[in-house]
Structure formats: structure tokens, C-alpha cells
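Chains as they are written, first to last, in this note's numbering: chain R, 1 to 329; chain U, 1 to 329.
Don't read these hints as lab results, they were simulated from the structure. On a predicted model such as this, the values are computed, not experimentally measured, just so you know. Among the hints, a few may not be true.
Stated by the list, open to error - Partial pick of chain U residues on the chain R-facing surface, computed with a CB cut under 7 angstroms:
{"id": "1", "residue": "Ile-108"}
{"id": "2", "residue": "Ala-141"}
{"id": "3", "residue": "Gln-143"}
{"id": "4", "residue": "Val-160"}
By construction, the Cβ of each residue, glycine as well, lies at the ideal position given by its N, Cα and C atoms.
Protein chains: 2
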Amino acid sequence: MLNQYQNLMDLFLRHLESYKINLIGKKPEELYEPEDYILSLGGKRLRPLLALIACDLFDKNPKLALHSALAVELFHNFSLIHDDILDAAPIRRNMPTVHKKWNTNIAILSGDVMLVKSFQSLENYGFKEFKKLSKIFNDTAIQVCEGQQMDMNFETAAHVSVEDYIHMITLKTAVLLGCSLKMGAVNAYTSEENLNNIYEFGKHLGIAFQLLDDKLDTFSENLEKFGKQIGGDILASKKTFLLIKAMELSDDRQKKDLIKYLGLKTIASDKKIECVLSIYNELNIKKLCEQEAHKHTNIALDNLNKVEASSLKKDQLKIFALELLKRQV
Amino acid sequence: MLNQYQNLMDLFLRHLESYKINLIGKKPEELYEPEDYILSLGGKRLRPLLALIACDLFDKNPKLALHSALAVELFHNFSLIHDDILDAAPIRRNMPTVHKKWNTNIAILSGDVMLVKSFQSLENYGFKEFKKLSKIFNDTAIQVCEGQQMDMNFETAAHVSVEDYIHMITLKTAVLLGCSLKMGAVNAYTSEENLNNIYEFGKHLGIAFQLLDDKLDTFSENLEKFGKQIGGDILASKKTFLLIKAMELSDDRQKKDLIKYLGLKTIASDKKIECVLSIYNELNIKKLCEQEAHKHTNIALDNLNKVEASSLKKDQLKIFALELLKRQV
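Can you build the whole structure from these sequences, using the hints too?
Set out below in C-alpha cells:
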């Protein structure tokens with residue numbers, strides 16, 4: 001965790017622990033043990049931290065945003081449980097996924113309960129705040145599901161445009177970051193304009209983050225830091241920004257080669273990566289991905305700049321955002 | 001539909017149609033077509049009807065409860081989509097289930113969206129009403145998931161007591177009937193005492209309904225009306241009230257026989273049903289099931305009796321409840 005927000009992170013982690021204590025021994029255990037399990041796997045806790053940061057940004061006690069922070073973290077973990085079923089993923093954070101450790105039925109049902117409990121966390125707020133938060137949260141929850149469905153559709157789609165792709169990652173990943181900040185800002189009772197600006201900041205930060213994550217999968221020079229196999233997206237023929245952009249810009253020969261290599265499941269891994277990578281390099285795809293990420297980073301920072309809050313705190317958040325993105329470079 | 005509430009049913013069906021129109025062409029289609037599909041399969045629409053009945057019972061315009069009615073119907077249909085995955089059920093209302101018509105991934109995700117949209121329907125109410133309704137609804141949603149998990153656990157449990165079983169059907173089935181009535185009553189701004197009494201009425205009605213449904217599976221004399229294969233629960237060795245009670249009361253010989261026949265997957269259907277049925281008859285299980293249902297019907301009616309509302313309307317609701325149960329006799 002970045003040092004400047006360590007106190008906020010500690011605050012959330014204490015809240016999470018006190019929530020988790022109530023899960024122990026709760027019946028039926030098959031519903032609540034998976035919840036405790038996935039919440040104990042760790043993770044960056046970025047979304048709850050953003051909720052606390054936003055509340056603090058508007059000079060209110062960040063404790064006010066703790067129930068919002070828990071809501072977004074529960075929602076995020078619900079989505080991980082269900083997404084891991086959809087992706088048939090066996091491993092999450094170096095541990096078996098819920099549907100592997102238990103079974104698919106338990107993963108579906110314990111995910112459902114976590115989704116309801118994420119909404120329930122907001123019941124700790126007064127009438128007006130509860131409704132305002134619930135509306136933001138419900139809208140976001142639906143968008144995240146829509147993004148996940150679009151992502152699944154892309155797997156078999158013949159053509160995906162860059163615009164479609166940015167729309168998909170906006171829904172699947174970025175809106176929940178915007179929502180986390182906005183909910184924390186609602187807890188600080190700030191203006192509608194500030195709410196919108198902080199939301200747009202988070203959303204475009206999320207888009208930039210995902211674009212750089214795509215780049216990193218193929219171009220990381222620091223395997224250990226990244227912790228994933230380099231070229232996994234190429235091997236899986238995943239339609240990331242890189243591939244979509246390459247398909248868009250390629251001439252006939254390059255397009256033919258891309259389609260050929262991506263369609264090959266039996267080719268040696270190294271050969272497939274090498275060939276696709278050489279086309280990416282011919283088309284300067286790495287640079288184009290960075291430029292697209294940079295564009296969204298700038299939109300994010302413009303929105304942060306418009307937020308009415310102390311320059312000191314805004315600068316701190318800007319540094320935090322840039323450090324987050326830097327890890328993706 | 002029972003004649004006396006036809007106007008309320010029509011009111012709800014019109015509301016449902018106007019909701020469904022908005023689903024047409026909504027993207028991504030894989031999320032919203034299954035929602036339209038399951039909502040178009042029909043069903044009794046009992047839960048939304050109960051919400052409207054409760055609002056009308058306290059002399060308020062039943063239109064006030066339309067958003068609550070839609071919420072409980074959406075929730076019920078979400079639970080059908082996910083339960084059908086859990087039960088690996090291929091058919092629902094004579095049509096393919098969502099995971100069969102599309103696939104499991106789409107069924108998980110479209111169910112998730114319906115769950116969120118059920119909460120969202122309540123956003124049409126003012127602050128205080130929204131929060132009150134959301135709390136009731138969230139609590140109920142969690143209980144329904146707990147009941148579903150308990151039901152799954154019973155499949156492999158060595159021993160299930162009658163008490164456990166009643167607890168399971170209370171959560172899985174009965175609380176949503178109580179919740180539907182209570183939410184409609186909240187929309188009528190009635191007293192806390194009335195809210196509790198109408199809830200308990202619905203809950204115990206639901207328990208009685210499920211017990212008689214268990215009985216009907218084995219003892220129905222009207223195959224056509226029931227529309228299911230008689231003895232399906234015995235063939236599946238399902239731990240219903242009948243089997244649990246029979247295991248509780250059986251002597252050593254009967255218990256040995258029950259365990260033997262229920263463990264046999266290869267025995268001819270007729271033989272299995274005949275043998276288990278003869279033990280049920282020796283132990284008078286049909287009568288005991290009716291008595292248990294009768295007990296809960298009486299508790300339900302006692303609670304209805306305590307509700308402060310016009311005798312005429314309470315009598316109408318009593319007749320409706322008894323007719324519902326009669327179909328299960």
C-alpha cells in the first residue's frame with residue numbers, strides 16, 4: 001500500500017475484520033465460509049480505500065464512509081466469485097477459487113448472498129444517504145454485469161472495435177472505481193458537481209489502469225513484479241486493446257498472419273507470441289496503447305482538478321493515482 | 001386466478017408488461033432476453049398479488065404497492081433461474097430452463113442482474129419507505145438463499161429432523177410470502193403490529209402450502225390437476241416432510257426397509273413407490289402431514305384475525321388463502 005494512505009487502509013482493514021468475525025460459525029456454513037475465505041485472500045482493497053479517500057478529500061471523517069467501503073469490497077468479491085465460475089478459473093490469488101474449493105452450486109449461492117450483503121451494508125446510513133448511495137450502487141452493479149457479459153460476447157465476436165472495447169472495460173472495471181469514490185464523497189455530503197467530477201476521475205483512472213494492464217501482459221519487462229505469465233493474452237487469443245488495435249491498423253498481410261496465428265491452438269507458445277509480437281511492433285501498438293491510456297489519465301486528472309477540495313489533498317490523490325498507473329508501466 | 005382478486009392481478013400484469021417492454025432490444029441481449037423469457041413463462045404471480053392485496057387490505061390504493069410487487073416477482077424469478085442451475089433442472093413450466101436454453105454462464109449473470117433490478121424497483125419510493133422496504137427485502141433475500149443452501153445440504157445429510165425441515169421450508173419458501181404481504185402493507189403505511197401480523201400470516205400460510213405440496217407429490221388423486229409425476233419425491237429419495245416423519249416414527253423393520261428402498265436407484269419405479277407408500281400408510285403419514293399443515297394454517301389465520309382491517313376484506317383474504325391450500329389437498 002502507498003504510504004500516504006496507510007492510516008485509511010488500516011481503518012478499513014479493522015472494519016473488515018470486525019465484519020468477518022460475524023461470519024465465523026454462521027449457518028449454513030456452506031454459504032458463509034466461502035465469503036470469509038475470499039475476503040481473507042487479500043487483494044489491493046483499492047475500492048474501499050477510494051471510498052475512504054474521497055470522504056477524507058472533502059474534509060469529513062473517513063469513518064463516515066466505512067459502510068460504503070465495505071459495500072464496494074463485498075460487491076467486488078461477489079463479482080470475483082461469479083466471474084471465476086464464468087471463466088472456469090481454477091486459481092485466484094494463488095489459492096483455489098470458490099467453485100474449485102467447494103463447488104459451483106455453493107459458489108453461485110454464496111455469491112448471491114454476498115451481493116445482497118453488499119446492499120445491506122448501506123442500511124447503516126440515514127434515509128436520504130441510504131437512498132442516494134443505493135441508487136449509485138445499483139446502477140453500477142448492473143453496469144458491471146453488463147460489462148462482464150460484453151467481455152464474454154467478445155470471445156466469439158468476429159469484429160470488436162476499439163470503441164466497443166473501451167465501453168466494455170468502462171463497464172466491467174472502471175465504473176466501480178468511480179462509484180467507490182462517489183459513494184465516499186456522498187458520505188462527505190459534498191456538491192453534485194464534486195460528485196460527478198470525482199466519479200469521472202475514478203472512471204477514467206480505471207480505463208487507463210485496464211489499458212496499461214493489457215499492455216503489461218504482453219510487454220512487461222519485470223516478470224516477477226507482474227507475477228503473471230508474459231504473453232498470456234496472446235496465447236489465449238484474447239481481444240485486448242493491443243489485438244483490437246492491431247487488427248484495425250494491419251494491412252492485408254499482417255491481418256492474415258494475425259488471424260492465422262491467433263487461430264492456432266497447437267503452435268508452440270514461443271512461436272505464437274513471437275509472431276504476434278512482431279506484428280504489434282511493426283504497428284507500434286505498445287506506443288498506441290500507452291497513448292490511449294495517457295489520454296484517459298489526462299481526462300481523469302482534469303476531472304480531479306475541477307473538484308473543489310484542498311490542493312494538498314488533491315495533489316496527494318494525484319500522486320497516488322499516478323503511482324497506481326506506474327505499476328502498470 | 002381466484003375471481004375476487006382479478007382486478008388486482010390485472011393491475012399487476014399491466015405493470016409487468018410495461019416493465020417488460022423496456023427489456024426488448026436492451027443490450028447486451030444475452031442479459032435481458034433471459035429476463036424477458038422467464039417473466040413470460042407465466043406462473044401464479046402469487047407474490048406480487050399478495051403485495052397488492054395487503055395494500056388494499058389497509059384501504060390504500062393498491063397501485064401504491066406496484067413497485068414492491070414487481071420487486072418480489074423479479075426476486076422470485078431470479079431465484080428460479082439460479083435454483084434451476086443448482087438443481088440441474090432442464091424444464092420449467094414446460095419450457096427449457098434459462099441455463100438450458102442459453103447456457104450456465106448466461107443464467108448466472110442474467111440472474112445477478114435480475115436480483116439487482118429487484119432492489120432497484122424500490123427506488124421509486126420516497127426515502128423512508130425505500131429504506132424500510134429495502135431492509136425487509138434484503139433480510140428476506142438472505143433467508144431465501146440460506147433456505148436453498150439448507151435444502152441442498154439435506155440431500156446428503158444423514159439425519160434431518162422435522163424441526164430442521166420446517167425451518168428450511170420457512171426460509172426457502174415461506175418468508176417471501178410473508179415479505180410480499182408486509183411490503184404491500186408498508187406501502188399502505190399501517191402500524192408495526194399490523195406489519196408483523198400480516199407477515200406471520202403469510203409465513204405460516206407458506207409453510208402450510210409447502211407441506212401440502214409435499215403430500216400432493218405422493219398422494220395426489222388428480223394427476224392432471226397437479227401436472228407432475230406422482231411419486232417423484234419418493235423416486236428421488238427426497239427428504240420431504242413425509243419421509244422425515246416416517247423415519248422418525250418407524251420401527252426397526254420399517255426403518256430398515258425405508259433405507260433399503262430409498263438407497264436403491266435401480267429398482268423399478270412402481271416397486272419403489274409401492275414399498276415406501278405402504279410404510280407411509282402403516283405410519284399414517286398422510287394424516288400427520290395434513291395435521292402439521294393444519295396447525296400452520298391455524299397460526300396463519302390467527303395472525304390474520306389480529307390484523308386491524310375491515311372484516312369483509314379479512315374474510316376475503318381468508319377465503320383466498322383457504323382456496324390456495326385447497327388446491328394442494
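Comparing the hints with the structure gives:
| no. | hint | verdict |
| --- | --- | --- |
| 1 | Ile-108 | holds, 6 angstroms |
| 2 | Ala-141 | holds, 5 angstroms |
| 3 | Gln-143 | violated, 10 angstroms |
| 4 | Val-160 | violated, 13 angstroms |
Checked against the numbered hints above, the structure violates hints 3 and 4; every other hint is satisfied.
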